[in-house]
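Chemist: Construct the complete structure from the given sequences, taking the supplied hints into account.
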Amino acid sequence: VSETLVRGREVTLVDLVDRLLGGGVVISGDITLAVADIDLVHVSLRALVASVEKVAEESSTSTRSASTPGASRRS
Amino acid sequence: VKRGLSEPPAPEPATLLDHDRVVYSLMQRCAVVPMRFGTVVDDEGTIRSLLLKRRSELKGLLAHVRGRVEFGVRSDEVAAPASGREYMSAKLEAKRSLAPLAELAVDTRVRRKDTAYLVDGDLVGAFEERARSMKLALSGPWPPYSFTGALDG
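In order, the protein sequence lines correspond to chains A and B.
Position one of the first sequence corresponds to residue 1 (the working numbering), numbered consecutively onward.
Position one of the second sequence corresponds to residue 76 (the working numbering), numbered consecutively onward.
FYI, nobody ran anything at the bench for these hints, they're computed from the structure.
With a Cα cut of at most 25 angstroms, we get these calculated SDA-like pairs of lysine to any residue:
#, chain 1, residue 1, chain 2, residue 2
1, B, K170, B, R186
2, B, K188, B, M209
3, B, K188, A, E10
4, B, K210, A, L13
5, B, K210, B, M163
6, B, K134, A, V26
7, B, K210, A, E10
8, B, K134, B, V116
FRET-style restraints, in silico, Cβ to Cβ:
#, chain 1, residue 1, chain 2, residue 2, range
9, B, E204, A, V26, 30 to 36 angstroms
10, B, L167, A, V14, 21 to 27 angstroms
11, A, V14, B, M209, 19 to 25 angstroms
For glycine and all other residues, C-beta sits at the position ideal for the given N, C-alpha and C.
Modeler: Put into structure tokens, the structure is as follows:
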């Protein structure tokens, strides 16, 4: 899967999906994330990212624990 | 820093590409901190309060990515490592071999399948040249999708 999708840029679908569904600022609470039509790999990736963020949030709001495994995986 | 999508988009190749195209074209004019794909906010008031609430964080991110673009280098999977030690040393070796590239970047993020580099606009040419000389395939330039998390240090 390495066809170039956008002229002048090396943008492959794999890299695109990875960035758009795994990157970007996440706003919790007031938003809807569209999950339809994503295959299982990406759903589980996002579930992972979401849960990691939850862990990070909780640990920073309560007592600041040293380093959660999630926090180090994310950075 | 804002985008005008109002419906929840399905994550299909076409909509993903549209999203990327919009963010990328915005990036040509100003610094952009992308939101996660599929983010839908009810109304403008909510956007305002969200932006206000995270003002200092977002300002920090904007300052970090201003005038810079992201490139990606795919990482080779460590094929069936015999041990955790082997896995870690392969990872370390991979990181070491990419050091000349990291030198030209202001920030790096090791992602799941690739390493992302945040590169100054002035150094894009040099960065691409070095990647070529190292026989590495780059993806990008991207808006700074991978540099929207907490800033390191």
